[in-house]
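On the provided structure of chain A, position chain B as indicated by the hints.
Protein chains: 2
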Amino acid sequence: MEKVREIAREGRRVAKEDPRRVVHSFKVGLVLALVSSFYYYQPLYDSFGVNAMWAVMTVVVVFEFSVGATLGKGLNRVAATLFAGGLGIGAHHLASMSGPTGEPIILAIFVFVQAALSTFVRFFPRVKARYDYSLLIFILTFALISVSGFREEQVVMLTHKRISTVIIGGLSCVLISIFVCPVWAGQDLHSLLASNFEKLSFFLLDFGDKYCEVVENDDTKEVDKRKKDFDNYKSVLNSKSNEESLANFAKWEPGHGQFRFRHPWKQYLAVGELIRQCAYRIHALNSYLNADNKVSIDIKKKLGEPLRRMSLESGKAMKEMSISLKTMTKPSSSDLHVQNAKSACKSLTNLLNSGILKEVEPLELVSLLTAISLLIDIINLTEKILESLHELASAAKFKNKIEQPLFSEKPKAKSFVSLRSIKCHDEHVVTIIEDDGNNHDTSKNDNRSKEVSIHEKHEDGDTHVHARCVSCGHSSVCDVVECR
Amino acid sequence: MEKVREIAREGRRVAKEDPRRVVHSFKVGLVLALVSSFYYYQPLYDSFGVNAMWAVMTVVVVFEFSVGATLGKGLNRVAATLFAGGLGIGAHHLASMSGPTGEPIILAIFVFVQAALSTFVRFFPRVKARYDYSLLIFILTFALISVSGFREEQVVMLTHKRISTVIIGGLSCVLISIFVCPVWAGQDLHSLLASNFEKLSFFLLDFGDKYCEVVENDDTKEVDKRKKDFDNYKSVLNSKSNEESLANFAKWEPGHGQFRFRHPWKQYLAVGELIRQCAYRIHALNSYLNADNKVSIDIKKKLGEPLRRMSLESGKAMKEMSISLKTMTKPSSSDLHVQNAKSACKSLTNLLNSGILKEVEPLELVSLLTAISLLIDIINLTEKILESLHELASAAKFKNKIEQPLFSEKPKAKSFVSLRSIKCHDEHVVTIIEDDGNNHDTSKNDNRSKEVSIHEKHEDGDTHVHARCVSCGHSSVCDVVECR
Chain A
1 MEKVREIARE
11 GRRVAKEDPR
21 RVVHSFKVGL
31 VLALVSSFYY
41 YQPLYDSFGV
51 NAMWAVMTVV
61 VVFEFSVGAT
71 LGKGLNRVAA
81 TLFAGGLGIG
91 AHHLASMSGP
101 TGEPIILAIF
111 VFVQAALSTF
121 VRFFPRVKAR
131 YDYSLLIFIL
141 TFALISVSGF
151 REEQVVMLTH
161 KRISTVIIGG
171 LSCVLISIFV
181 CPVWAGQDLH
191 SLLASNFEKL
201 SFFLLDFGDK
211 YCEVVENDDT
221 KEVDKRKKDF
231 DNYKSVLNSK
241 SNEESLANFA
251 KWEPGHGQFR
261 FRHPWKQYLA
271 VGELIRQCAY
281 RIHALNSYLN
291 ADNKVSIDIK
301 KKLGEPLRRM
311 SLESGKAMKE
321 MSISLKTMTK
331 PSSSDLHVQN
341 AKSACKSLTN
351 LLNSGILKEV
361 EPLELVSLLT
371 AISLLIDIIN
381 LTEKILESLH
391 ELASAAKFKN
401 KIEQPLFSEK
411 PKAKSFVSLR
421 SIKCHDEHVV
431 TIIEDDGNNH
441 DTSKNDNRSK
451 EVSIHEKHED
461 GDTHVHARCV
471 SCGHSSVCDV
481 VECR
Chain B
1 MEKVREIARE
11 GRRVAKEDPR
21 RVVHSFKVGL
31 VLALVSSFYY
41 YQPLYDSFGV
51 NAMWAVMTVV
61 VVFEFSVGAT
71 LGKGLNRVAA
81 TLFAGGLGIG
91 AHHLASMSGP
101 TGEPIILAIF
111 VFVQAALSTF
121 VRFFPRVKAR
131 YDYSLLIFIL
141 TFALISVSGF
151 REEQVVMLTH
161 KRISTVIIGG
171 LSCVLISIFV
181 CPVWAGQDLH
191 SLLASNFEKL
201 SFFLLDFGDK
211 YCEVVENDDT
221 KEVDKRKKDF
231 DNYKSVLNSK
241 SNEESLANFA
251 KWEPGHGQFR
261 FRHPWKQYLA
271 VGELIRQCAY
281 RIHALNSYLN
291 ADNKVSIDIK
301 KKLGEPLRRM
311 SLESGKAMKE
321 MSISLKTMTK
331 PSSSDLHVQN
341 AKSACKSLTN
351 LLNSGILKEV
361 EPLELVSLLT
371 AISLLIDIIN
381 LTEKILESLH
391 ELASAAKFKN
401 KIEQPLFSEK
411 PKAKSFVSLR
421 SIKCHDEHVV
431 TIIEDDGNNH
441 DTSKNDNRSK
451 EVSIHEKHED
461 GDTHVHARCV
471 SCGHSSVCDV
481 VECR
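Protein sequences appear in the order of chains A and B. Letter 409 of the first sequence, counting from 1, is numbered 409 in full-length UniProt numbering, and no numbers are missing. Letter 410 of the second sequence, counting from 1, is numbered 410 in full-length UniProt numbering, and no numbers are missing.
Calculated directly from the structure, the hints in this document are not laboratory data. Mixed in with the good hints there might be a few duds.
[Said to hold, decoys possible] Listed next, the stretches of chain B that the computed footprint assigns to chain A, with coverage defined by at least 3 CB atoms under 8 Å from CB atoms of chain A:
1) 3-17
2) 51-58
3) 136-148
4) 347-357
5) 368-378
Quick reminder that beta carbons are idealized off the backbone N, C-alpha and C, glycines included.
The following block holds chain A by itself, in its conformation from the complex:
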């Protein structure tokens, strides 16, 4: 009894987690009941006979959760059945020419060769990734057609019936899955990516305050919620296989909603990979938050301002990117947040260079500097992610955004260092600078008033933010800031 109740609870949980699962179950039941009507009604049974079971089988095997998976499997199955059916008839024809004694032997050889060859081809990595199911059905259909052809005289008729029932079964699945409450793998992938952005942003928005031990909101409910949000990033660590299969399915899907037929799903994987790289670092950073009390409050206070700004601004950039993906608009203000984060990096390095570390104990140093190095790494990755998202935005033709940036610390104009650098051939830097009039500790940044200027790199008077990234095979975190 307790067991039954437990199963019921689990059922409710599974349904609540994604209500589309319940709908999907109903859809499968519906199609199956529909297709089995082939058996019930005399006219249909007369034309297909026992072969109607192939329609039932096709439905059970092909009907998947998302449209893309169903379409992919359905097309694979139909194509493989057609092809194997044709070959099977050919094999049967060849074998029948060798008389009643030779026929079974030749057929057995055909089946052996075909099965062995196809099984071997299934080991090819490229084939395995996309056409594994096709080959399975190919082996199956060929064996069934060529072998049962040996018994039943009208092989062509048999094959024809088998193929048409498979097509009918596949078609019912595809139509129901597209037109009754469709579940689009593409849409799911899109949402997954947006929510991954959001999860990282939750961490980063809070990290700075937590690390520097700024007193928290007293409302325990709020604190609990934020604690949960804070740890949410962990699910990003293992999202790879999920993303890959969704992208694989999405390729089969026709245009739907905001997505065209050839939506750049591959670019989603590239962005997703970078997000995951960032999550790995966040995971490492998190351990410094939870376990390490070695770094004294004193030094944390001294470095607190730029540290918190680094974390906050990269969090904001992530949040913006999440919104940009959700609304399918170009990520406009993220560049600004990334630049703010980098200017905070610069302030931090200036502080470090100012000899503040002289009196820090070596063990504190290891902890502190590793955390800083990870945070810098995260900011560099944020920039890379943004670049990748820009590529996605232009490939997927995202709209331009009209509204103001989501976050504005002080209302409206003249509150941000808006510093957008576009590297041209790694030689020139186009810097668009809006006056800030706001002290961001970027003391060396002396450009003032709205202007668009083109500097020769290494020849302008600016301190150059010259960031490269560990994980991507480029150079390391540590040569982040070069000051002249």
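Here is chain B on its own, set in the frame of chain A:
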């Protein structure tokens, strides 16, 4: 033509990578040709009729690469067919009581309810992991039996034939897969783990020298080989899904070779997870090797001795563990290497504490200390891995090792600090110390001559190596060494 040649090349590569693939393909062809003989020979055909096709289908779908996967699928399929067959007959009986008009309607309702319910249950995570295939076959068989039962009068006879052909098909697969060149998933998992250990050891054995820029072997061929070995660790990063599916299959396998039926495969996953955690850190460490030239040779030279020893000793520990797993003997000398690595850690921290960092630039510091912190982290993980391997060794009843440790820098006795600490309830430390007489810079370690002593923790005069590990939810890397 070029395409054909390319495919042939790919085929050769796939076959060379694992020759068992070719054997497997032959096995599938063989079983399929065998089972299709049901059709060819009159006596067999007479008893099974068209239902013989179920045997063919079962072979195609059930025959997998490893014994475990085949057994798992075969048992799942047979059990689901039996169960669904029974229910199908019941449903048919119930429906037939309601007269010729009601029968199809009631059957359709049954099929609908059964399919919807089973499809929903497939979403349960625990069911999905182990019984997904069972449920698929359950839906399929129930629909086929209850629906085709509507046509054919002798439902019980039909079900009986269907079940026996499925059993025959499944049994042939299982027998051939066990007795003709078996591929054991368990053996594969075992070898995978051993090779993962080896890959990490290649990196660690070389890392110290590379980081400290000690001049390399001039033989370019040798250098190339070592370069390749060095980068091999990358394949460990993504071994998770492979390990999990192998462990899943291995559970189904009967005892074979050195493995009993209930070999602790779960513990393999635990060890594998720790190895992967270590690989993540090695990946991060590697980036400091390739891209970062900021740390001056000068400081590297000063810290070189302990750094190289840390990397070398942890590499040796890994190598030992790999051999221990391969030979299924208890990892004896790994403890010693881990302790050597930890004593090198201690020397390093002493050096750091001695004020050697005073004149280092902050940017160098970030790079240097992050690398050190990662290396310390790796050593702590090595210890955790060793613990986990000890657990595996005792659960799997590994033999005791008789031979000498694999590595001995200087031949035989009196060359190592053999310092084995066994923590008892986190309070007492049993330290078994053999005299070394060898300067390892562990200047504070004053215990001499062979002895077995029990120290109250925090009360002996020794410097305590007090290591905890980031990744495992314990405290951080940085409070690695506490000196008094």
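Structure-based check of each hint:
| no. | hint | in the structure |
| --- | --- | --- |
| 1 | 3-17 | holds (count 4) |
| 2 | 51-58 | holds (count 3) |
| 3 | 136-148 | holds (count 7) |
| 4 | 347-357 | holds (count 4) |
| 5 | 368-378 | holds (count 4) |
Of the hints listed earlier, there is not a single one the structure fails to meet.
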